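Now for the letters of each chain:
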Amino acid sequence: MLEPVLQASNLVKRFGGLTATDDLSLDIREGEIHAVIGPNGAGKTTMIGQLIGELRPDAGSIRFLGQDITHLPVHKRSHLGIARSFQITSIFLNFTALDNVALAVQAHDGHSFRFWGDARRDAGLREPAMEALKQVGLAHRADVVASALSHGEHRQLEIAMALATRPKLLLLDEPMAGMGPEDSARMVAMLQSIKGSVTMLLIEHDMDAVFALADRITVLVYGHGIATGTPDDIRRNEQVRQAYLGDELEA
Amino acid sequence: MPALMHKPVTTIVAIALLGLLALVPVASEAFDDPFMLTLFTRIVIMAIAAVSLNLILGYGGMVSFGHAAYIGIGGYSVGILAHHGVHAAWIQWPLALAMSGIFALLIGLLSLRTRGIFFIMITLALAQLVYYLGNGAYAYGGDDGLTILKRSDFGGLIDLNHRPTLYYLCWAILVAALYFCHRTVNSRFGMVLQGAKSNDRRMATIGFPIFRYRLTAFVIAGMVCGLAGVLSATFTDFVSPAMMHWSRSGDLIVMVVLGGMGSLFGPLFGAVSFLLLEEILSGWTEYWKIVFGPILVLVVIFARGGIDGALSRGQAGALMTGIAAFFLVYGVHLVYEDAWIIPTLILAAAFTLSGLVWWHYRRKRVASTETAGGDHA
Amino acid sequence: MLLLLFEQFLNGLQIGLLLFLLAAGLTLVFGIMDLVNLAHGSLYMMGAYFAAVFTQWTGNFFLGALLALPAGALLGIVVEVIALRTLYTRDHLDQVLATFGLILFFNEFARVVFGAGGMAIELPSWLEGQVMVMPGLPYPSFRFLIIVVGLACAGFLYLLVQKTRLGMLIRAGASNREMVGALGIDIKLLFTLVFGLGSALAALAGLMSGPITTVQIGMGDNILILALVVIVIGGIGSIRGAFIAAIAIGVIDTMGRAFLPNMLGTVLNPSDAGTLAQALSSMLIYILMAAVLVLRPAGLFPAPGR
Numbered sequence: 010m011l012e013p014v015l016q017a018s019n020l021v022k023r024f025g026g027l028t029a030t031d032d033l034s035l036d037i038r039e040g041e042i043h044a045v046i047g048p049n050g051a052g053k054t055t056m057i058g059q060l061i062g063e064l065r066p067d068a069g070s071i072r073f074l075g076q077d078i079t080h081l082p083v084h085k086r087s088h089l090g091i092a093r094s095f096q097i098t099s100i101f102l103n104f105t106a107l108d109n110v111a112l113a114v115q116a117h118d119g120h121s122f123r124f125w126g127d128a129r130r131d132a133g134l135r136e137p138a139m140e141a142l143k144q145v146g147l148a149h150r151a152d153v154v155a156s157a158l159s160h161g162e163h164r165q166l167e168i169a170m171a172l173a174t175r176p177k178l179l180l181l182d183e184p185m186a187g188m189g190p191e192d193s194a195r196m197v198a199m200l201q202s203i204k205g206s207v208t209m210l211l212i213e214h215d216m217d218a219v220f221a222l223a224d225r226i227t228v229l230v231y232g233h234g235i236a237t238g239t240p241d242d243i244r245r246n247e248q249v250r251q252a253y254l255g256d257e258l259e260a
Numbered sequence: 023m024p025a026l027m028h029k030p031v032t033t034i035v036a037i038a039l040l041g042l043l044a045l046v047p048v049a050s051e052a053f054d055d056p057f058m059l060t061l062f063t064r065i066v067i068m069a070i071a072a073v074s075l076n077l078i079l080g081y082g083g084m085v086s087f088g089h090a091a092y093i094g095i096g097g098y099s100v101g102i103l104a105h106h107g108v109h110a111a112w113i114q115w116p117l118a119l120a121m122s123g124i125f126a127l128l129i130g131l132l133s134l135r136t137r138g139i140f141f142i143m144i145t146l147a148l149a150q151l152v153y154y155l156g157n158g159a160y161a162y163g164g165d166d167g168l169t170i171l172k173r174s175d176f177g178g179l180i181d182l183n184h185r186p187t188l189y190y191l192c193w194a195i196l197v198a199a200l201y202f203c204h205r206t207v208n209s210r211f212g213m214v215l216q217g218a219k220s221n222d223r224r225m226a227t228i229g230f231p232i233f234r235y236r237l238t239a240f241v242i243a244g245m246v247c248g249l250a251g252v253l254s255a256t257f258t259d260f261v262s263p264a265m266m267h268w269s270r271s272g273d274l275i276v277m278v279v280l281g282g283m284g285s286l287f288g289p290l291f292g293a294v295s296f297l298l299l300e301e302i303l304s305g306w307t308e309y310w311k312i313v314f315g316p317i318l319v320l321v322v323i324f325a326r327g328g329i330d331g332a333l334s335r336g337q338a339g340a341l342m343t344g345i346a347a348f349f350l351v352y353g354v355h356l357v358y359e360d361a362w363i364i365p366t367l368i369l370a371a372a373f374t375l376s377g378l379v380w381w382h383y384r385r386k387r388v389a390s391t392e393t394a395g396g397d398h399a
Numbered sequence: 460m461l462l463l464l465f466e467q468f469l470n471g472l473q474i475g476l477l478l479f480l481l482a483a484g485l486t487l488v489f490g491i492m493d494l495v496n497l498a499h500g501s502l503y504m505m506g507a508y509f510a511a512v513f514t515q516w517t518g519n520f521f522l523g524a525l526l527a528l529p530a531g532a533l534l535g536i537v538v539e540v541i542a543l544r545t546l547y548t549r550d551h552l553d554q555v556l557a558t559f560g561l562i563l564f565f566n567e568f569a570r571v572v573f574g575a576g577g578m579a580i581e582l583p584s585w586l587e588g589q590v591m592v593m594p595g596l597p598y599p600s601f602r603f604l605i606i607v608v609g610l611a612c613a614g615f616l617y618l619l620v621q622k623t624r625l626g627m628l629i630r631a632g633a634s635n636r637e638m639v640g641a642l643g644i645d646i647k648l649l650f651t652l653v654f655g656l657g658s659a660l661a662a663l664a665g666l667m668s669g670p671i672t673t674v675q676i677g678m679g680d681n682i683l684i685l686a687l688v689v690i691v692i693g694g695i696g697s698i699r700g701a702f703i704a705a706i707a708i709g710v711i712d713t714m715g716r717a718f719l720p721n722m723l724g725t726v727l728n729p730s731d732a733g734t735l736a737q738a739l740s741s742m743l744i745y746i747l748m749a750a751v752l753v754l755r756p757a758g759l760f761p762a763p764g765r
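Residue numbers (this note's numbering), protein chains in the order written: chain A, 10 to 260; chain B, 23 to 399; chain C, 460 to 765.
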């Protein structure tokens with residue numbers, strides 16, 4: 010069998026007396042959407058922080074494409090191919106949508122000590138950026154200043170920026186947060202359409218979306234992974250039902 | 023030039039202004055008014071300094087409260103070399119630029135590690151350090167300053183003693199600085215600079231090591247400002263620590279904000295209007311700052327985006343009305359030059375201006391609520 | 460030699476305490492309202508002018524000072540209500556600019572109202588003399604009074620911030636502004652009160668330095684920069700940090716001015732040595748600040764949660 014794209018082994022992260030990540034192991038396979046679910050405070054954001062490099066685990070290791078990245082800083086992991094969409098929308102509000110994505114392309118296209126050429130006419134930046142906007146269905150809003158886009162569009166733009174860095178692994182931190190049902194449905198369809206072209210780790214509270222999208226699901230409780238399996242496995246898992254899902258799935 | 027296309031009014035006004043500035047030596051000759059040339063040489067030189075500050079302040083979001091230090095460093099480099107008998111411009115000028123660059127590199131290395139108010143304070147402190155360095159340089163006049171006896175020698179190519187020639191050199195450097203700034207802010211480098219201003223955490227996660235880009239911009243701005251210092255020293259034949267005093271740095275920030283931060287021509291508008299206003303108000307009453315101070319407060323509170331902002335919001339008319347009202351009051355003052363009338367006029371002018379600014383503000387608010395979301399598309 | 464050293468230390472302490480009075484108000488306003496107020500130096504200047512005018516009027520320095528303090532506080536409150544209130548939510552650049560405008564205004568205002576020549580403050584005769592602070596060390600009474608008043612104010616501020624309800628709110632505000640709002644406190648009133656307190660302290664510093672220097676236009680501009688250095692070194696919002704940093708800077712500056720000329724005088728002629736010494740002791744302060752910021756970017760005593 011192929012080596013997983015990302016393999017986290019026995020991660021531990023403590024904040025003072027609180028163990029936010031407790032002996033967590035996780036492997037993400039090429040091309041899949043791997044969802045991580047868990048109640049509030051289960052340590053999902055702490056886990057993302059360690060995978061992206063903003064937090065250092067106290068124990069355990071992270072391997073990405075066969076390389077140990079446990080101690081690499083954020084921007085180097087970005088260059089290896091790990092991208093992240095933020096839980097709180099984090100874009101450049103005074104740039105147009107296309108400028109936002111072009112900047113993400115630029116970050117992975119050599120150094121930026123180029124002082125003369127007009128970056129807004131640089132096909133090497135604009136074309137891949139437009140491609141990413143098309144992928145998320147935002148191409149028609151390319152020239153709109155980001156501050157004038159709707160909340161749902163901001164989330165789409167977030168993902169376009171992450172895609173534009175041509176990641177091998179995309180970490181999606183609650184992409185549906187704060188969305189109405191209509192926007193959520195659009196987001197699910199969009200993620201469905203890029204599925205397979207990029208490996209994704211999805212953290213999400215919206216269970217309908219998770220069960221519609223995920224190939225495999227890991228359930229996190231108190232920083233520990235209590236079960237991993239296909240949506241059907243998880244649905245049937247007695248431990249998961251007791252710990253987290255309760256009667257929610259009976260309906 | 024897509025960045026310019028968005029703001030045709032600004033661009034037209036700016037080009038017209040640059041054209042008018044080019045005619046100053048002719049007008050000065052025609053009206054037999056040498057002071058006019060002196061005033062505008064100063065204005066053009068300060069505009070170059072303001073353009074350099076705008077690069078880091080307006081586009082990079084780095085509020086340097088010590089930018090006047092580079093004027094001093096550039097000026098002193100020329101002054102000290104001249105003092106030792108080195109007059110060749112091709113030694114003086116590159117060395118002055120190099121010195122400004124080195125100081126900017128050192129100041130940037132220390133200050134760019136901090137954020138927000140600490141950055142403002144540390145740039146202020148390091149500029150004060152340079153200021154007192156000038157004060158303590160007893161071999162070069164200490165706080166009395168240093169007179170430059172002979173101007174830089176371009177080997178007969180350019181005669182800096184000829185006042186119009188010096189003026190046109192300054193003008194050409196201003197135009198070059200503006201063009202350089204235009205290319206740079208729209209280049210890949212400029213995108214990184216503006217992105218880091220808007221959201222530096224995000225810039226790191228998409229893979230930019232932003233410190234080195236910021237530092238580079240800081241050094242470029244320092245060097246351009248150093249060039250303004252060279253011109254200033256050449257023009258006044260004098261350098262002193264006073265040109266690096268912290269309030270000079272404050273003036274530069276005021277120029278940039280008054281004209282419009284992060285707009286290409288903002289610092290040009292700002293420098294011209296700041297220095298003209300100073301000139302007119304101080305000719306009007308010796309207490310001119312009592313008017314200028316409140317104007318500044320009002321502009322900050324109500325008119326974000328400065329002059330350029332007003333122009334591109336289509337308020338050129340309102341701006342013109344303001345200027346016309348100002349000169350009307352000024353004209354009235356010239357006719358009835360009675361002592362008691364001055365305070366009355368000051369009050370009337372302040373009242374008119376604040377009323378106008380308030381009106382702009384209201385209009386802007388109404389306009390933005392009516393067209394929210396749609397009109398950029 | 461030891462006596463001379465001690466005398467210069469007292470001078471440094473006196474300047475440091477004046478700086479502390481100015482910096483205390485600045486750091487409170489900065490810490491609790493997140494407002495950079497460059498016009499704080501103008502309040503210092505106006506305090507000195509008020510004292511000069513009221514002293515002339517009443518013929519008594521203490522009555523003059525007693526009137527100048529509430530006048531200074533009132534002026535601060537008026538400035539806060541008219542101009543600064545709208546600036547709390549703005550970024551630091553706007554605050555720096557608008558208060559820079561206020562400096563221009565106040566300097567010219569003082570010129571119009573009080574004249575360009577500056578004013579002297581007459582001290583009562585019993586303060587003109589000297590007191591024996593130690594056997595063999597006479598020290599000017601008024602400077603000694605400044606030290607006593609300064610230490611008393613520092614003690615008062617310590618008690619106010621550590622022991623009272625207002626102090627609790629100030630401390631809470633310095634670390635978490637939203638929380639104070641959530642406690643149901645009238646935040647506007649709290650801000651105005653703190654600002655008035657800061658203005659009174661600035662006026663106190665101004666009126667006490669008035670009799671030593673003359674009261675003049677722009678007297679607040681340079682000491683303001685020093686006070687800013689003090690609060691940045693001490694940590695924004697920290698009274699304790701401001702106290703330590705102010706004393707340190709006062710002592711460094713005075714010692715530098717007092718002893719460097721002699722040391723440099725051995726290699727330079729006296730006037731050059733004087734010029735260089737003055738510049739060096741001023742530079743020392745900014746070098747200290749740069750060093751502190753590089754090592755501890757939030758100052759020596761950063762308020763928690765900022």
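Hints are computed from structural coordinates only; laboratory data are not their basis.
As the structure is a computational prediction, the values presented were derived from the model and not from experiment.
Mixed in with the good hints there might be a few duds.
Said to hold, decoys possible - Rough simulated footprint, nothing fancy, chain B against chain A, three-plus residues with beta-carbon under 8 Å:
{"#": "1", "region": "82 to 91"}
{"#": "2", "region": "106 to 115"}
{"#": "3", "region": "124 to 131"}
What the hints assert, rightly or not - Here are the simulated distance ranges between beta carbons:
{"#": "4", "chain 1": "A", "residue 1": "Val21", "chain 2": "B", "residue 2": "Ala198", "range": "55 to 65 Å"}
{"#": "5", "chain 1": "C", "residue 1": "Pro756", "chain 2": "A", "residue 2": "His120", "range": "53 to 63 Å"}
{"#": "6", "chain 1": "B", "residue 1": "Pro56", "chain 2": "A", "residue 2": "Trp125", "range": "36 to 46 Å"}
As the list claims (entries may be wrong) - No farther apart than 20 Å at their CA atoms in a straight line, the calculated lysine to any residue pairs in the SDA-like style are these:
{"#": "7", "chain 1": "A", "residue 1": "Lys85", "chain 2": "B", "residue 2": "Thr206"}
{"#": "8", "chain 1": "A", "residue 1": "Lys85", "chain 2": "B", "residue 2": "Arg224"}
{"#": "9", "chain 1": "A", "residue 1": "Lys177", "chain 2": "A", "residue 2": "Asp215"}
{"#": "10", "chain 1": "A", "residue 1": "Lys85", "chain 2": "B", "residue 2": "Ile232"}
Ideal Cβ placement from N, Cα and C applies to all residues, glycine included.
These are the hints, each one checked on the structure:
no. : hint                            : result
1   : 82 to 91                        : holds (count 4)
2   : 106 to 115                      : holds (count 5)
3   : 124 to 131                      : holds (count 8)
4   : A:Val21 / B:Ala198: 55 to 65 Å  : 59 Å, holds
5   : C:Pro756 / A:His120: 53 to 63 Å : 28 Å, violated
6   : B:Pro56 / A:Trp125: 36 to 46 Å  : 40 Å, holds
7   : A:Lys85 / B:Thr206              : 26 Å, violated
8   : A:Lys85 / B:Arg224              : 14 Å, holds
9   : A:Lys177 / A:Asp215             : 25 Å, violated
10  : A:Lys85 / B:Ile232              : 13 Å, holds
Comparing the model with each earlier hint shows violations of hints 5, 7, 9; every other hint is respected.
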